[in-house]
Amino acid sequence: MHQTLDLRLLEPIQMEVTLEVAARGVCSLSFEELAELQRKLPRSWPPALTPQLLKHADPQTLASLLAVNRALTDCEMDANQLASWSVASAPRHLGREAAAMVVDRYRSNGAWGVPVHITPHRSTHSVASTISLGYGIRGPAIGCGGGRGAERDALLTAACLLDEPACEGVLLVCSGWSPEFAVTPEGVPLNDSQCQAVALALVRTNTHAGCGSLTIGPPRLDRVPASAESHGAPSLVEQLASWRSDRFTWQASAGSLAIRLKLDSPTVHCREGEPR
Amino acid sequence: MTNDSAIWITGVGAVTPLGASFGEISEALLSGTSAIREVTGFDASQHPCRIGGQIGQVECPPELCHDQTFAERSPMEQAALWSSARALTDAGLWQNRRSLRIGLLLGLGTEWMHRWNRDWERGGTLLHDPTVEHVPMAERVRDELGLSGPAIALAAACASGNHAFAQALRWLRRGWVDVCLAGAADMSIDGRSMATFGNLRALSRKNDQPATALRPFDRDRDGMVIGEGGAVFVLERAPDARRRRARPLGELAGVGCTSDAHHLVIPAAEPVQAAEALRQALATAQVNPDDVDYVNAHATGTPVGDVCEARMLQTVFGSHCDRLPVSASKSMTGHLLGAAAAVEALACLTAIRYGAIPPTLNLDHPDPRCQLDHVAHQARECRVRVAVSNSFGFGGHNTSLVLKQVAA
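Those protein sequence lines, which keep their order, are chains A and B. Note that the first sequence covers residues 900 to 1175 in my numbering. Note that the second sequence covers residues 218 to 625 in my numbering.
Since the hints were made in silico from the structure, they are not lab data. In this text the structure is predicted, and so the values were computed from the model without any measurement. Idealized CB from N, CA, C, for every residue including glycine. One or more of the hints may lead you astray.
If you anchor each label on the Cβ, the simulated ranges turn out as follows [what the hints assert, rightly or not]:
{"no.": "1", "chain 1": "B", "residue 1": "598", "chain 2": "A", "residue 2": "937", "range": "51 to 59 Å"}
{"no.": "2", "chain 1": "A", "residue 1": "946", "chain 2": "B", "residue 2": "588", "range": "32 to 40 Å"}
{"no.": "3", "chain 1": "B", "residue 1": "312", "chain 2": "A", "residue 2": "1085", "range": "39 to 47 Å"}
{"no.": "4", "chain 1": "B", "residue 1": "428", "chain 2": "A", "residue 2": "1078", "range": "46 to 54 Å"}
{"no.": "5", "chain 1": "B", "residue 1": "390", "chain 2": "A", "residue 2": "935", "range": "16 to 24 Å"}
{"no.": "6", "chain 1": "B", "residue 1": "505", "chain 2": "A", "residue 2": "946", "range": "38 to 46 Å"}
{"no.": "7", "chain 1": "B", "residue 1": "312", "chain 2": "A", "residue 2": "943", "range": "29 to 37 Å"}
{"no.": "8", "chain 1": "B", "residue 1": "428", "chain 2": "A", "residue 2": "1009", "range": "36 to 44 Å"}
{"no.": "9", "chain 1": "A", "residue 1": "947", "chain 2": "B", "residue 2": "520", "range": "23 to 31 Å"}
{"no.": "10", "chain 1": "A", "residue 1": "935", "chain 2": "B", "residue 2": "315", "range": "50 to 58 Å"}
{"no.": "11", "chain 1": "B", "residue 1": "338", "chain 2": "A", "residue 2": "947", "range": "36 to 44 Å"}
Listed below are several chain A residues computed to face chain B (Cβ distance under 7 Å; list not exhaustive) [as the list claims (entries may be wrong)]:
{"no.": "12", "residue": "1010"}
{"no.": "13", "residue": "1024"}
{"no.": "14", "residue": "1031"}
{"no.": "15", "residue": "1079"}
{"no.": "16", "residue": "1085"}
{"no.": "17", "residue": "1087"}
Please put together the full structure from these sequences, using the hints given.
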């Protein structure tokens, strides 16, 4: 028989964690720019990211890869030295247009009309897996959330991944469409939209040499801004994609925890010939 | 000897093709019952695979009997709610849940595809017109249960559940929550999912012999069979559980997670990273390979995967592999995909609690490339103090879990 839990016996162990944002990359791409990116992959991308691999990739995967590339450029990090890193990605409604196409094909052609690449390329884990594969990352590569508020899931996950002593850093990638677009039954978009992605390179050391910080812990007295919480509010990715001021602060609550992301300088590094 | 940093499992809730309670599922696992049948609920006559481990209807848990909307929720959400509510009751925490910081970590690899498919089947427009945004499932489950901790969903294909365990360990050790619910749910026996995996040639085509179709490690295996369900566990720091005299089902001693960085579908031929995940899990759990008493293998019954896993086990365990019992409970439940790791953790707890190892069904002719100490056909009595559960997934996800018996 269980005893009733006496709350007075629970130790109030509350630990705040602060991580350094060593680098960041942001992109916002139109349908045309995505098509061009898929047709002609940047030469600066790792050789493992082949046209064959990315032929069926979701647009959010392509945008995420571009954001990662920019983050690595930002901190002059060697893309071949990421084996001990991990990935946490938070796509938002990944593969919705592909899912529309699949239900249409299933209805008209039956089981044999369903393409085989839908699961490997359009599942919540797919972005993280592709980044891991492309950059030779051997740590965990996890998809987080998948819908509204997914960035909170990814930020919590990233902080936990960095608890592992063997993990040198985490590539945190959030992506989504702004605005979400309607599609025809064949999966064709009916309104214009931008595919946006942000990549943050998070490291454990807090040297203040990076471009920001991530803090997770018990809530403080200052209130969480409603803009990060309410339905229909701009996501973290949307806010970062349109960030033009000197400093960026994003706060959100995750149950009994509070998350605060601070970034300095909105400068975005692009390689020559890349879409901005 | 007490271990104050230990994390105990003090409750479990589950719904699987073999039953909807720990006792019922354990009994079916130990008696070698196959849940694989011809699928119903949609016309699968033109599908390459027409069999699966189906649940049918997930019942509303008694804790949520006031919920008039339960029947309208998606099957995946029903499985998550059933498992979570039952786990809290099993741990003796249902009445106290609102006064504790209880976190929720769910492995939900296919939440959004399921939501869109279900909405579309019911004539909805969510898939084509997303102006109405839905609240994520983990948040809805947390709110329905009245929990106050963080609630998140993780996806790493068929390894999703073990990532939930890994993160729960960190939340508890960091002091972010008092109690954590961790597990996974997946209900992928539907037309589109079956078609995708069938067309990938990942599924068995032995449609005429459902109960013998899924044949992990067997020479004549030809692919997996999808199952559905979920399992959620209550995790607490051992000192807290001891103080309230909670009954430990086991200790969540370690989790190891790596990536192959090799291919989006096929596991690396040299299972270096899978071995690394297992070594990490053993090191975290402070367990020597020779101390492991049982391995619940990932073993999906695919030609490539089973051989890779056998090689990995031989590499890590060396000569101990000759006398280390290995079995694949998927042969009874089917492959629960995103929920597989959670349900297989339950199979390990079964072995620990009952001192018997669930068998691998249909292992008539072990593949010579998979030489292991197989527990074939029938359960084997054996004291299990340390159990390992492997779960791997599309995208190169490798995870291993170490569970320990808690000394009385």
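Hint check:
no.: 1; hint: B:598 / A:937: 51 to 59 Å; result: holds (57 Å)
no.: 2; hint: A:946 / B:588: 32 to 40 Å; result: holds (37 Å)
no.: 3; hint: B:312 / A:1085: 39 to 47 Å; result: violated (52 Å)
no.: 4; hint: B:428 / A:1078: 46 to 54 Å; result: holds (50 Å)
no.: 5; hint: B:390 / A:935: 16 to 24 Å; result: violated (47 Å)
no.: 6; hint: B:505 / A:946: 38 to 46 Å; result: holds (40 Å)
no.: 7; hint: B:312 / A:943: 29 to 37 Å; result: violated (58 Å)
no.: 8; hint: B:428 / A:1009: 36 to 44 Å; result: violated (27 Å)
no.: 9; hint: A:947 / B:520: 23 to 31 Å; result: holds (25 Å)
no.: 10; hint: A:935 / B:315: 50 to 58 Å; result: holds (53 Å)
no.: 11; hint: B:338 / A:947: 36 to 44 Å; result: holds (38 Å)
no.: 12; hint: 1010; result: holds (4 Å)
no.: 13; hint: 1024; result: holds (4 Å)
no.: 14; hint: 1031; result: holds (4 Å)
no.: 15; hint: 1079; result: holds (4 Å)
no.: 16; hint: 1085; result: violated (10 Å)
no.: 17; hint: 1087; result: violated (10 Å)
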